[in-house]
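Enquirer: Single-letter residue listing:
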Amino acid sequence: MKTLATLLCILAALPAGAAPTVDGAGLLSKVDRNLEPESYEMYRKLVNIEPDGSRKEYVLYSVKKGRDKLVAIFLDPPSERDRATLRLGDNMWLYIPSVGKPVRITSLQSIIGGVFNNADVLRLDYAVEYDVQGVQEEKDVYVLSLKAKTAEVAYDKLIMRVDRKTVLPTTIECYAASGLLIKTLRFSDVKDFGGGIRRPATLETDSPLYRGYRSLMMYAKIRARQMPDEVFTLNYLPRTKELR
Amino acid sequence: MRRAAAAAWALAAVVAAVPSRASGEETFEASAYEKKALEWKGYAEFRPEEQLLRRDSAGFLLQFPGQTRTALARANGAAELAGVLRHETLSLSFTGHATYQLDYSGQDVDARVYDGYAAWQAGPRAVLEVGKRSLRWGKGYAFSPVAFLERPRDPTDPELSREGFIMAGGELVQSFDGPVKTLALTALVLPTTWGLNPDFGPSGHVDVAAKLYGLVLDTDVDLICTAPGTQGLRFGADFSRNLGSNVEIHGEWALATGAPRMVLAPGSVSGSGVGLAPETRRTMSYLVGLRYLTERETTFILEYYRNGNGYSEEEFRQFFALARAGSTDPAALAVASRAAAQGYSRPNAMRNYLYLRISQNEPFDILYLVPALTAIVNTDDGSFSVIPEVTYTEVKNLELRLRFAVNRGDAFTDYGEKPVVARAELRARYYF
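So the sequence lines, in the order shown, correspond to chains F and E. The working numbering applies: residue 1 is where the first sequence begins, and numbers increase by one. The working numbering applies: residue 1 is where the second sequence begins, and numbers increase by one.
No wet-lab data here; the hints were simulated from the structure. Warning: the hint list may mix true and false statements.
As the list claims (entries may be wrong) - Quick list of in silico lysine to aspartate or glutamate cross-link-like pairs, DMTMM-like style, CA-CA up to 20 Å: (1) 65(F) with 329(E); (2) 101(F) with 129(E); (3) 41(E) with 80(F); (4) 35(E) with 242(F); (5) 221(F) with 189(F); (6) 181(E) with 68(F); (7) 157(F) with 131(F); (8) 241(F) with 115(E).
As the list claims (entries may be wrong) - Some but not every residue of chain F turned toward chain E, in silico, with C-beta under 7 Å: (9) 75; (10) 78; (11) 149; (12) 152.
Ideal Cβ placement from N, Cα and C applies to all residues, glycine included.
With the hints as extra help, turn the sequences into a complete structure.
Expert: In structure tokens form, the structure reads like this:
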């Protein structure tokens, strides 16, 4: 008993820095799985809000499989309807119905106006695109420093703040290679989507590059779903809307 | 009949354009966007334009014979309605397009079906389709030498929808792990028998086409073959690949063993000569291009197009001379008009073209604004067309595009003999 008490005293006296270090890669993978299953379908609404309060809304349906297969199609507004994008690893294509064929695009190219870009709309798991460079522990959050694995990734560096209780991100700062802050993502409105998925239903974005402008992304009907690989091909892209 | 159909399109467009509910609420009800048995969409547009004409050009003499006008004002309207009707794995797709034009000569109305086909999705790996279908083959943006089964693309506005042809076909797709990620085989039959596809080629033929697509080492590759039909045996290949996060390169190659064309025979300049004669040739066409995106979101699209079945400078000079002779010789004018309709006035009718488009996404942080500049140069004769434009899409479902176009070139050159020196147009397109 005396030995146990002595051991507890020694442990209590240890400085915080000597505590077991957090497994950054494991933590990032857990963040990914808490946000959505590895293979899923979901609906999203994107809202661009301008300084004068005027808004522009888009509705997207997207399906993801495994680490690097993702397809998304615009369902609204009518001017964008049936415009579909496919991502296979670093390969991205855009299908515009009036053009009638998929065209290769790059990760930096914006498929709609506003603060969100392709990387936000066609996001893969964070662990697929980023390495964890460091983890800081604060009272309620972990602060992860993430570095892009390749130059193909849209943001060179992320600072991700993760709630310690829920292991869900609260804010993500996105930086260019030059160190310039491109945008900040703020997660809110944690809700139960069913099937064991409990995550933020709203993502808000602002950017110093677009002062006064805000963008919202709202999530609905996130469900685990397995699709055949052939769904993630150029040939299927014009028929993506049939997956709903 | 066509006027009645066009009026029906226009009415449908106006009715559909009326908002069905008030917007602005901060809610997201996703069930409203789930798949329905019938879905449709469309647009209606109004496009007034003003043209400055070149009275001494061959194009003017052909298009405005006997006239002295120097300008032309025209009002254009268009409506397009597209829909899909589903039942389990079967679907019916439809696209109808109507146009209205009003100018000094009166009004003209046209309505036609661009697409109308049935599809059976026999699983994620196979689909069968039959009906009228507008295909888009090739990787080129402004030109596509491997687009064997399509109507000509307008390089000044390549994203415009086009009417298809009646065909039947199927597609098989298979995904893999490894360097070859996708293989897809498309097979098509396009007949000109029983009065079908009269504007595709001579009647009584059946064109059979096959296309093999592969995503190989992160490169899109297509191999294409069309069996002897209306236009002889043809082979094609294309590719597209990203060279980084901001550069894409693409190319196309096409070989036609019996490409048909109409040529002016010697002596036709006088108007009393032989006139037009058909010929078939073995031709090779190709295209190389790139798309480059800068950090400031400026996009450059550059393409070089070699049209193997195009006309030479000498052949075009002969055509222009015939058209000019038509100002005093009705027989020459008649032959020149037929030559224009049967090949000499089609887009990219000569042999070597360079295309450049520069567009800037949202300059000066002005959201939804995209200015662009397009240049098309005929590298054979040095004539060119320059098209500055600006597109603005801030208002929901409304796209505004202001566009100017200038054609420049010496006498007896491609763009120097166009009837229009300069053109300004405003296109207001409302989507519903």
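Enquirer: Take the hints in turn and mark each one as holding or not.
Expert: Taking the hints in turn, this is what the structure says about them:
{"no.": "1", "hint": "65(F) with 329(E)", "result": "violated (69 Å)"}
{"no.": "2", "hint": "101(F) with 129(E)", "result": "holds (17 Å)"}
{"no.": "3", "hint": "41(E) with 80(F)", "result": "holds (10 Å)"}
{"no.": "4", "hint": "35(E) with 242(F)", "result": "holds (7 Å)"}
{"no.": "5", "hint": "221(F) with 189(F)", "result": "holds (15 Å)"}
{"no.": "6", "hint": "181(E) with 68(F)", "result": "holds (12 Å)"}
{"no.": "7", "hint": "157(F) with 131(F)", "result": "holds (10 Å)"}
{"no.": "8", "hint": "241(F) with 115(E)", "result": "holds (18 Å)"}
{"no.": "9", "hint": "75", "result": "holds (4 Å)"}
{"no.": "10", "hint": "78", "result": "holds (4 Å)"}
{"no.": "11", "hint": "149", "result": "violated (13 Å)"}
{"no.": "12", "hint": "152", "result": "holds (5 Å)"}
Hint compliance for this structure: hints 1, 11 are not met, and every other hint is.
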